[in-house]
Each structure stands twice: as C-alpha cells, then as structure tokens.
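Asker: Sequence:
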Amino acid sequence: MPPHLGLVCVTVSNEIKYRTITRKRLLEQSPDTQQKLLDDIYRSNIQAFDTAMRYCERENIGLYRIPSSIFPFADDDLGRDLLASFADTLARSGARARERNIRLVMHPDQFVVLSSDSENVVANSVKILQMHADIMDLLGQPRTPWALLEIHGGKANRTDTLVRNILALPDAIRCRLGLENDEYAYSAAEIHEACVQSGVPMVFDAHHHIVHEKLDSYDDPSVTEWFDKARTTWAVPEHQLVHISNGRESFNDRQHSDLIATMPAAYARAPWIEIEAKSKEDAIAGLRQWQTAAG
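Residue numbers (the working numbering): 1 to 295.
In short, the hints are calculated from the structure, not lab data. Don't take each hint at face value.
Result set (PhoX-like, lysine-lysine): computed pairs, CA atoms no more than 25 Å apart in a straight line [unchecked claim]: (1) LYS214 x LYS229; (2) LYS17 x LYS280; (3) LYS214 x LYS278; (4) LYS127 x LYS24; (5) LYS36 x LYS155.
Given the structure is predicted, the values throughout are model-derived calculations rather than measurements.
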C-alpha cells in the first residue's frame, strides 16, 4: 500500500476554515453573550469539520489533523459544558469520518509541557490534553494511538519528569499519546528513550531531525535508522505516523517551505505521513506521483 498522506487543519483555499475568538473579546461580553458567541463558533466549526471530512474523501486524503482550537475555551468552564451539549452531533460527525476511513489526530499546542518543573504548568498541560481527549471521545475515536494526541517533549533534559508525568495521565489521554522529536530540546534519540520508558509511540519528524543534527541530506543513514526505531514503538506498526516538511530558504532552515520537494527514501515505507508544508493541499497534490511510486 502507498503511504497515506495527511492534511493539517485547514486548506490554502477557503474550503476548510475555522472560526475563533480571543479571550479578551470574549470576556468583554456578558455571560449570556459569551455563551451565544461560543455556541455559534462551535456550531460553525462542527460544520467546518464535516466539510473537511467531505474534502478528504473527495481528494483521497486518508488522515486529517483536527485543529487544537476547534472549540475555543473548551478546556475551562466557559466551554466545557457547552461542548458536552454537542455530544450527539459530534458522535454523528465522528461516525461519518470512520465511514469514510479517515484517520483523525490532534497536535495540542505549545502550552503543553509535561516536562516542566512547575506543578501549575503540568496541571494546565493535563487540562489541555484532557480537552483534546474529550473531543476524541465525543467523536467516537478509539482510546489508542490510532486517534493520536501528538506532543513534543517540552523542557530539555527532563526525561525522567516527562516519563513520570506521562505514566500518571488519565487513560483517555495516555492511551492516545505520542511524542515527537524536535529541533532543539529533544533529539530523535532522546525522544525515543522517553517513548520506550513511557510506553507511548514515537512520531518521527525527519525535518526536525536533520535540523537538530545539522545534516545536509535526508539520505543520511540516521534518518532511516530513527524511522525504523520509531516504528518499533508502535504496538501496531501499520499505524506508525511520521511528519515531513522541507526548509524554506535552505535544507536546514527550520521554517517550513510551501511545498515538499524532497522526501526521505525511508518514507516510502511509512504507512501514514502528515504533510506539514505551508501550501497544505497543494503540497499533497504535488506528492501524488511520489505516493504512487512508493506503493
């Protein structure tokens, strides 16, 4: 089977877009108006999600990353109960995604730092992760890494803290969690060790790896090495997910380019690839020939 390519959140065109609101603007309103604004946004964003599912089906895109901001303020009292009131609607939306064979994942934001020294930061991280797990539950997604919640390691040189806090997570979070290597704090080797110790899968990002290690080619043997080692952390190897992007100004540029011009040879064996290019669906379209050849 050729690799499945994944769309990240929105399209460059206006076909898939989501609404949001700032905390400042929301809190300027009366409590009744706050609820109405959030209700309108949640309804609109559920429709946007359903549009995304139809789009992915039409374009033969097998994986979709749901925006972390799909339900603003659902991690606190402003939106938590409101989100629960959409349970039936979200169950139907999730069922349609399953019927279309579209895998759903999420990537919680940079405020999730399970390796922090601060108890408050860790507690807030767990609260944010719980919101993501609640969304996956409401969408009827399994409590496995199939419905992945992928995060970075956070604060450097805190592997023991990271592992300890992962092991203490509620089941709905921990059973979906995956760790991704990054450009600075956690190399592929370091995040792999954290994955082995905590029992969660590793999401290998080849671009982060070459930036971290200052490599000049995806053909470097270490790319294949860490792709293969990451695969061993997946209980179901066929569910392995990897990320790809290219540097914007140079090969080692951490900023993402619009399209994907270069793919690691190992990625021909990747079952699932999230395409983290700026031009979203255009980048996926540009990879169709590569995808066919890989299969």
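Asker: Tell me the hint numbers this structure goes against, listed in increasing order.
Answerer: The structure conflicts with hint 5 only, although it agrees with all the remaining ones.
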